[in-house]
Amino acid sequence: MMVTATAQRPAPSTDEAPVLECEDISRRFRVKSRLFHAPEFIHAVNGVSLSVPRGEVLAIVGESGCGKTTLAKMLLGLLKPSSGTIRFSGAPINEAPRAVIARQVQPVFQDPYSSLNPRKTLGQIIGLPLLVHQIGRPSERPKQIAEIMDVVGLPPYLVHAYPNQLSGGQRQRVAIARALVMKPEVVICDEPTSALDVSVQAQILNLLQDLRRDLNLTYVFISHDLSVVEHMADRVAVMYLGRLVELGETGQIFDRPRHPYTETLLKSILTPDPGQGLPSFHVDGGFPDPLNPPSGCYFHPRCPKILDECSRSRPGLVSDEYGSVECHLHQNEAIT
Amino acid sequence: MPGAANPVLRVRNLCVDIQVPGGTLHAVRDTSFEVSRGETLAIVGESGCGKTMTALSVMRLLPRRAALFAEELTLDGVSLTELSEREISDLRGDRIGMIFQDPMTSLNPVYRIGDQLEEIYLRHGKGTRVEARQRAHHLLDRVGITNAEARLSQYPHELSGGLRQRMMIAMALMCEPALIIADEPTTALDVTVQAQILGLLAELRREFNTAMILITHDLGVVARAADRVAVMYAGRIVETGTATEVFSAPAHPYTRGLIDCIPHPGKTERGARLGAIPGIVPSLIGDLEGCLFRNRCAFAENRCATFDNVLSPAGQGHEYRCLLPPDKVGRAMVGS
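If you read the sequences in order, they're chains A and B. When we follow our numbering, the leftmost residue of the first sequence carries the number 1, and every step to the right adds one. When we follow our numbering, the leftmost residue of the second sequence carries the number 337, and every step to the right adds one.
Hints in this document: simulated from the structure, not taken from any laboratory. It should be emphasised that the depicted structure is a prediction, and the values quoted were computed from it without experimental measurement. Quick reminder that beta carbons are idealized off the backbone N, C-alpha and C, glycines included. Heads up, a few of these hints could be off.
If we take Cβ atoms under 8 Å as the criterion, some of the chain A residues that face chain B in the derived model are [stated by the list, open to error]: (1) Thr-69; (2) Gln-165; (3) His-231; (4) Gln-252; (5) Phe-254; (6) Pro-274; (7) Gly-277.
Quick partial rundown of chain A residues pointing at chain B, CB under 10 Å, derived from the structure [what the hints assert, rightly or not]: (8) Thr-121; (9) Gln-201; (10) Asp-225; (11) Leu-307.
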C-alpha cells in the first residue's frame, strides 16, 4: 500500500524567477537598554540568503533559538527585516503592505489549539481571510468555504462547529484550509505536526503532500524533526545561531552532510531501530548565548572537527553544485 | 524472561475510573506490568491512551475525581494502595523519583536550585544540611552540569532547557530511588540535547541499578532507550514485549500502524505516502466492549466487537491482545 504510491514530485521549473527569494536578510532585537549604555542586540537572523523555486519544499532545521521562527515571520511579513530584501516572484516586499503579502504567503502554525479563535465557527474562521481581503462576492463565500473544506478533508457538516468540538488533526486541517482559501503561492509551515500524535501526523503530512501536488504549492517547512524533514523536503537549510550554515538537496544533506553541525544533527535522529542504542557524539555544552556569540565560526566551541582558524575568523559561504556550506573545512572547494 | 526476576514494581489489573459529566471515563483498564532493577520499561501510545494516568496511579497522584482499583500495586513488596496519604508522600521522591516533561513548570521559580535539591534530602530525613549540599553537588557533577557550586545558587530561569532537565534528573536521584518514572522526559528538548539526556538516563540507571518507567509517544526514543515496551491503546496495554521483538515483529495491528506512521530516513521512500491510521482515538466514557481499535483497524472483523481482550502469547515474553495470529499483520517496513 505504501510502496505503490511513489513520489511524483513536479520538478521545480528553473526558467522563471524563484517564487520566494531573500537576499542577505537580518533581523536584530534590542534586548537590554540602560541609560548611558549602548543598547544590546540579539541577531536572531544574521545575513541569510535563500531562493525557493515554485513547487519546491524547502525545509529549515536547527535547534531552538537558531532563528527559524524569526525567519518565518519575516517571510510572512509579520516582522520587517532589519536589513536585506525579500522578494516574491521578483518583486520586493519590504515596503509592500501586509495585505499584499498575505495574498501570496500564508502560515500554518504549530499549535492548532491556540491558533484558532475558540468563539468562531469553522466557517467563520476559514472565511475570515476572504472577508478581510474582499475576495469574491459575499454570496459566493459559503461555496468557497465548502470547496476548501472538501480539499483538506473536513466533512461539510462541520462548517458550523467550533474548534473545541474538533480533534487535533481536524484543527490542523482547519488551519491549513484557512491558509489555502487565499490561494497563496507559498505556505510557511512552522512545525505543523509537532503538537500532533504520530498517527495524526502521518495524516497531515500525507495531506500536505497531496495539496502540494494538486495545487502546485511551494512550502517553507520548519521542523525540528529530521525524519519528517527528510520525508517532506526537496532541499534543506540548516541554521545555527541565526546563520545559514549549510544548504543542499535533501539527499545530499542526509547522505553526505558537510558541516559538522549538520552531522551532529543527523546523528541525533532516533530512528525506531531497537538494538542500535543511543548515538554517542561529542557536543560539549549547550547552545551558546546569542547575546555573546562565540568568535569566528559560531559553532566552534561545540565542533568535533575544530581547526585553528575556526575561533579566529568566520568562514565564508561556499557554494557549488551540491549546495552551500559555511565551514573552514570546506573553504577550498569553492575555487573549482 | 526479562522482568521476571524479582521486580521492583508489580502492577496487576490496574483500573482508573474518572467521573466526568457524561458518565464514567475508563482511563486505564486491566493494566498489568512489572519492572525490575536496572530495567527500562517504555509505555508508548497516543495522547489519551492512559500512559500518564498509569504513571500517576503508581505515585498515587491521581486527580481527586479519579478512582483507582488494582489487584496488586506493590513497590518492593509494599502495597501502594494501602498506604496512608502521609506514608505515600514519604515514598515519593525517596523510593520513587519523578521526571516530568516540562522542567520549567516542575521547578519552583522562586527557590534556588540548591535549596530545591537539598529539600528532598532533608524532607526524607537522609542527613544533615551539609550532607545534602554535598550530595547535591556530587549529583550535579554526575549529570554533567559543570561549575556545580555556582549552579546551586542559581534560579531555574537562569538555566537552559537541557540544564533544567539535568537538574530534574539530579533531583530524582537525590535519595537513590528504587524506581524512576520519566514522563516524556525529552519532549520539550532539542534533538541534540534529547540524545544526551537519554544517554545520561541510561548510564545512571545502570550505575544506581534503578528501575525506570519511560513514558513517551516517540517510537524512536522507545526503540533506542527501552529494554521492554508496553504499547497502550484506549487505556489498555495491547502489546508488550522486548523492544526488539515489538519493533521487528509487531503482532497487534495498532503497533504495526504506529510504526508505519513515522517517516524513517533510509527506509521509507522520500515523498511517498505514509501509512496513516485512519480516524481518531475512541471515547472511553461509558460501557466499553470488544476491541476498541476495531473502528480504525484494517483487519477488523465482526467478531472483534465481542472480543474479550485476552492477552495471547506471540513469542518469548511477547504478548498481544488481538484475535489475529501473531504473524498476521506482517513485519513492519521499518525497524527490521
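**Q.** Restraint outcome when Thr-121(A) is required to lie within 10 Å of chain B by C-beta distance
**A.** 20 Å, violated
Q: May I ask you to test the interface hint for Gln-252(A) with respect to chain B, counting a Cβ-Cβ separation under 8 Å as satisfied?
A: With a closest approach of 12 Å, the Gln-252(A) hint is violated.
Q.
Does Pro-274(A) hold up as a contact with chain B if the rule is Cβ-Cβ below 8 Å?
A. Since the shortest Cβ distance to chain B is 4 Å, the answer is holds.
Q. Holds or violated: is the Cβ of Asp-225(A) closer than 10 Å to a Cβ in chain B?
A. 8 Å, holds
Q. With 8 Å as the cut and Cβ atoms as the points, is Gly-277(A) at the interface with chain B?
A. At 6 Å from the nearest chain B Cβ, Gly-277(A) passes the 8 Å test, so the hint holds.
Q) Can the hint on Gln-201(A) be confirmed by a CB-to-CB distance to chain B that is less than 10 Å? A) 7 Å, holds
Q: So, Thr-69(A) near chain B? Judge it on the closest CB pair being under 8 Å.
A: 14 Å, violated
Q. Any CB of chain B closer than 8 Å to the CB of His-231(A)?
A. 3 Å, holds
(Q) Tell me if the interface restraint on Phe-254(A) is satisfied: Cβ within less than 8 Å of some Cβ in chain B. (A) 6 Å, holds
Q. Can Gln-165(A) be said to touch chain B, with a Cβ gap under 8 Å?
A. 12 Å, violated
Q. Does Leu-307(A) pass the interface hint, meaning its C-beta sits closer than 10 Å to a C-beta of chain B?
A. 21 Å, violated
Violated hints for the displayed structure, listed by number in ascending order: 1, 2, 4, 8, 11.
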